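Asks: Sequences are here, hints too, so could you generate the full structure?
In the order they appear, the protein sequences are chains W and X. So in the working numbering, spot 99 of the first sequence is number 99, and the numbers just go up one at a time. So in the working numbering, spot 5 of the second sequence is number 5, and the numbers just go up one at a time.
In case anyone wonders, no lab produced these hints; they're calculated from the structure. Since we're looking at a predicted model, the values are computed, not measured. Ideal placement from N, C-alpha and C gives every residue a C-beta, glycine not left out. Take these hints with a grain of salt, some might be off.
To be verified - The calculated DSBU-like cross-link candidates involving lysine-lysine, where the alpha carbons are at most 35 angstroms apart (straight line), are:
#1 W:Lys226 to W:Lys171
#2 W:Lys293 to W:Lys103
#3 W:Lys171 to W:Lys336
#4 W:Lys100 to W:Lys64
#5 X:Lys23 to W:Lys103
#6 W:Lys336 to W:Lys293
#7 W:Lys289 to X:Lys222
#8 X:Lys222 to W:Lys171
#9 W:Lys289 to W:Lys152
Said to hold, decoys possible - Chain W side only, calculated, beta carbon under 7 angstroms to chain X, not exhaustive:
#10 Ala37
#11 Tyr39
#12 Val43
#13 Glu45
#14 Val52
#15 Pro57
#16 Val90
#17 Ser93
#18 Thr326
Take a look at the letters that make up each chain.
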Amino acid sequence: MRVLGIETSCDETGVALYDTEHGLLADALHSQIAMHAEYGGVVPELASRDHVRKLLPMIEQVLKQAELSRADIDGIAYTAGPGLVGALMVGASTAHGLAKAWKIPVLGVHHMEGHLLAPMLEDEPPEYPFVALLVSGGHTQLVEVKGLGQYKLLGESVDDAAGEAFDKTAKMLGLPYPGGPQVAKLAEQGNPTRFRFPRPMTDRPGLDFSFSGLKTHTLTTLNQLKAAGTLDDQARADIARAFEDATIDTLTIKCRRALEQTGLKRLVVAGGVSANVRLRERLCEALAKRNIKTYYPRGRFCTDNGAMIAYVGAQRLVAGEHDDSTMRATPRWPIKDLVPPQS
Amino acid sequence: MTTLLALDASSTACSVALWQDGKVTGAFEYAPREHTRRLMPMIDDVLAEADVSLAELDALAYGRGPGSFTGIRIAAGTAQGLAYGLERPLIPVSTLQAMALGTHRQHGAQLVIPAFDARMSELYICAYRCENDQVTALMDEQVIAPEAFILPSACEGERFMGVGSGWMLASSLSQTIRDAVSRSLPEQEPDAADIVRLAAAMFAAGGGLAPHEAIPVYLRDKVTSRPK
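Replies: Structure follows, in C-alpha cells:
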C-alpha cells in the first residue's frame, strides 16, 4: 500500500510517500522558521496561511520525486492533532478533498505517534516493545510502547517541555529564535565545571519531569553575573553548558529509571531535542553498559515531517482503519488515548 | 455542457452548489463550527441529487474570502484537494461579490454594499453595481473601521441595499453611508449558489486557476500585534 502523508500541525509543512513494501519513497519539507523568527515564536495564523500556499506544490513535488502518478496512491494520512487547530485544518481539509477525488481511504493520525515511530523508517528499526522518550518543544514524555497503538504514559513534564526550556534559555542568553540548537552550539565553548545547575525531580522516585525551575535557576545565575558585571561571552557559554548538562542528565536519569521499571532493553528517542548530539552521546554511554540499545530517527526526521505521518498512516490504513466524512483537527489529544488500529 | 461545483464555509453557514448549464441546485445550512463535519456529506448529497459524479465536473469554485480565516481555509483545502485530485481548474470567488449577486437576485437591488463583521471593530466591505446578474465592483474590497468607510464620489445620491453580518454594526457607520442605504439585511450569509453563478461567468471567460494558485483572500494581513 502506498500512502501519502501530510503534516501541517505547527510550523513545518511536510509531505511524504511511504510504501508498506518498499519503505519511504519520497519526502519534502518546508520549514517556516525564518518567517516566525522575527516575531520570536510561531504566529498560528501566519503558519496556517503558509501551509495553504505550500501544500499542493509539495504534494506534486513528492509524486515527481517518486516518479509516481496520482493513480499509484492507495491512501492518505494527515496529522489530525495535537497541534495548532487552524494549521491542522489545512492538512485535514486538503487530505479529505484529495481522498474524495481519488476515491481512496483517508485517515487523521496522531502527531506524537508519528514521532514515536519515526525510527521505524531507519534501516535498523526497533522491535516492539520499547520505551520511548518523546522530547520536543511541546512534549517531554516517557512512553512504554508494546505495539502499534499500545502506549502507556510512564511520565511527562509537569510544566515546560525540555525543548521549550532550551528555547527560553536561548532567549535569556540573547540567542536568535528558535534557540535550542543555538544553546547546544554555545555550550560547546562552555566550561562544564564552572556552574552546576539542579537536576529537577531526580532525587525522588517517579518518571515525571519539571524544567521550569531549571529555567528560573538559569535566569537567576544570569542576573547575578549581570549585577556583578561579569556576564561576558565565556560566562554565557558556561551557563549554556550548565543548562544543557542539567537537562541531559535529567533526561538520562529518567530514561534509565523507565527502562529499569519496565525491564525493557530498547529505548527510542524522538522529537526535536533528540537531534541534540550530546544527549545522544550521554544516553549511549549510560545505557550501553546495561546492554540497552538506543534508536533515533535520522536527523531530519527528529523534527516535524511528513514521512512519520505517512508511516503511521500506512500501518493503520493497511489494517482497515480510516476516517468517515469528518475532517479531524484535534488540538489537544493525549497519546494515552490512542488504541490499536480499528477497522 | 458546463458542470461546476462550488463550496463555501466562510461564515456560520455552510453551502454547496452545482451548476449545470445555468441550472443551479445546492444545499445551504447554518452550521456554526460544524463545517468540518458537514461539508463532505453536503457535497455527496448535492452531487447524488443531480446524479452527477465528480469526474463530470469541468471546474470547482469556492468562497475565497473575506470571512472567517479558518472557514475560508476549510473550503480552500477541500476545493484544492478536489480540484488537484480531479485535475480540474479552481475558481476562487469573492464572498462579498457573491453576497451582492444574491441580494440582486432575491431583492432586485441594483446597488449593494455587502459587509461582514471582521471583529476587532472592523468590517470587510465593498460596494457593487448589479445588472442582469452581472456584478461590478465600485471600489476595492476593504477591511476598515465602520466609521472610516466612504463610498466613491461617483456614487453620490445613489441608494444602496446593505447585506451581511457587518450591518449589525450599522450604527458605527458614518451618517452619509447610513443615509445612502435604504434597507439592510444583516442576517444574510454567503451562499455557494451565488458563488457558482459567478464562477460560471468567470469560467466561461477563461478564469480558472491551477488549484495551488487559487488561494484565500483574507484582506486582513496584519495578524499579529508584534512589530516586525
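Asks: Does the structure break any of the earlier hints, and which numbers would those be?
Replies: Numbers 2, 7, 10, in rising order.
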